[in-house]
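J.: First to last, the protein sequences are chains X and L. Using the working numbering, read the first sequence as starting at 1 and increasing by one per residue. Using the working numbering, read the second sequence as starting at 1 and increasing by one per residue.
Bear in mind the hints are in silico, worked out from the structure with no lab data behind them. Watch out, some of these pointers could steer you wrong.
Stated by the list, open to error - Calculated pairs, SDA-like style, for lysine to any residue (alpha carbon to alpha carbon, straight line, at most 25 Å):
1. X/Lys71 - X/Gln50
2. X/Lys44 - L/Ala1
3. X/Lys62 - L/Asp8
4. X/Lys44 - L/Ser30
5. L/Lys49 - X/Arg96
6. X/Lys27 - L/Ser30
7. X/Lys44 - L/Val11
8. L/Lys58 - L/Thr72
9. X/Lys44 - L/Tyr50
10. X/Lys44 - L/His75
11. L/Lys49 - X/Lys71
12. L/Lys58 - X/Glu102
13. X/Lys44 - L/Ala87
14. X/Lys27 - X/Lys71
15. X/Lys27 - X/Thr97
16. X/Lys27 - L/Ile60
17. X/Lys27 - L/Thr72
As the list claims (entries may be wrong) - Sample of chain X residues with no beta-carbon within 10 Å of chain L, all distances over it, derived:
18. Gln6
19. Arg20
20. Lys51
21. Gln80
22. Arg84
23. Ala93
24. Arg95
25. Asp101
26. Gly106
27. Pro107
28. Arg110
29. Val113
This one's a predicted model, so the numbers in the text were calculated from it and none came from an experiment. In this text, a Cβ means the ideal position worked out from N, Cα and C, and glycines have one as well.
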Amino acid sequence: NAGVMQNPRHLVRRRGQEARLRCSPMKGHSHVYWYRQLPEEGLKFMVYLQKENIIDESGMPKERFSAEFPKEGPSILRIQQVVRGDSAAYFCASRRTSGIDEQFFGPGTRLTVL
Amino acid sequence: AQSVTQLDSQVPVFEEAPVELRCNYSSSVSVYLFWYVQYPNQGLQLLLKYLSGSTLVKGINGFEAEFNKSQTSFHLRKPSVHISDTAEYFCAFKRAGGTSYGKLTFGQGTILTVHP
């Protein structure tokens, strides 16, 4: 049973470009979380999605950031017009059901904005 | 405001020595508590969790933690560390029930470095 997969593992973008980060949850998991880890900081919650629905996006910046989790395919975190401050590690976690099930984390995508 | 504070950003220790990584939390509601470990360039792995019951929780790799409600603490301990325990450790919580949707609130992390 493969774990949570994220790609790419490393992504370099120039200011103003778009970044697309992908997350494939574990098999049978229908809940996905995105977290961002800025340099020398802990992880900060961004958004929580279930299949085809955004449930909680309270941690997502209001502009330039969006997320989706379609019925088929991976969850996508999209950052438009990236700026240097977007450089961070972005982690995806998945969970089977609601409640107190453990979240399983992917290896992260490390975004560098030049 | 709900938050997690890890009191030490870095903890150096010699191999086979005991270690304690400190974590305090602030929350107006009941929480579940977690410790995660992150090895370089990897995702987070769950070490242990406190949901209810016994306040002493045992996890993987010989780690344990004790929940202290009066002091709002959840310190992580290991009686004898190995070189392979060198990693960054994160304390986290999520609200028990309510509408938090299971999102985790993390501390800033503690880098544990085990020296030979």
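J.: Hints first: check each against the structure and report whether it holds.
T.: Results of checking the hints against the structure:
1. X/Lys71 - X/Gln50: The hint holds at about 9 Å.
2. X/Lys44 - L/Ala1: Since the Cα atoms of X/Lys44 and L/Ala1 sit roughly 15 Å apart, the hinted pair holds (cutoff 25 Å).
3. X/Lys62 - L/Asp8: Measuring from Cα to Cα gives roughly 33 Å; hence the hint is violated.
4. X/Lys44 - L/Ser30: holds, 20 Å
5. L/Lys49 - X/Arg96: OK: L/Lys49 and X/Arg96 at ~17 Å, within 25 Å.
6. X/Lys27 - L/Ser30: violated, 31 Å
7. X/Lys44 - L/Val11: Holds: X/Lys44 and L/Val11 sit about 23 Å apart, inside 25 Å.
8. L/Lys58 - L/Thr72: holds, 18 Å
9. X/Lys44 - L/Tyr50: The hint holds at about 21 Å.
10. X/Lys44 - L/His75: holds, 21 Å
11. L/Lys49 - X/Lys71: Not OK: L/Lys49 and X/Lys71 at ~31 Å, beyond 25 Å, violated.
12. L/Lys58 - X/Glu102: holds, 16 Å
13. X/Lys44 - L/Ala87: holds, 19 Å
14. X/Lys27 - X/Lys71: holds, 14 Å
15. X/Lys27 - X/Thr97: holds, 12 Å
16. X/Lys27 - L/Ile60: holds, 24 Å
17. X/Lys27 - L/Thr72: Given that 25 Å is the threshold and the Cα spacing comes to 36 Å, the pair is violated.
18. Gln6: With a cut-off of 10 Å, X/Gln6 comes too close to chain L, as the shortest Cβ separation is near 8 Å.
19. Arg20: Per Cβ check, X/Arg20 is outside 10 Å of chain L; nearest 19 Å; holds.
20. Lys51: holds, 14 Å
21. Gln80: holds, 24 Å
22. Arg84: The claim holds: X/Arg84 sits with its nearest Cβ about 21 Å from chain L, beyond 10 Å.
23. Ala93: Its Cβ does come within 10 Å of chain L, the nearest being 8 Å, so this is violated.
24. Arg95: violated, 7 Å
25. Asp101: violated, 8 Å
26. Gly106: With a cut-off of 10 Å, X/Gly106 comes too close to chain L, as the shortest Cβ separation is near 5 Å.
27. Pro107: X/Pro107 not clear of chain L: closest Cβ-Cβ about 5 Å, inside 10 Å.
28. Arg110: violated, 8 Å
29. Val113: holds, 19 Å
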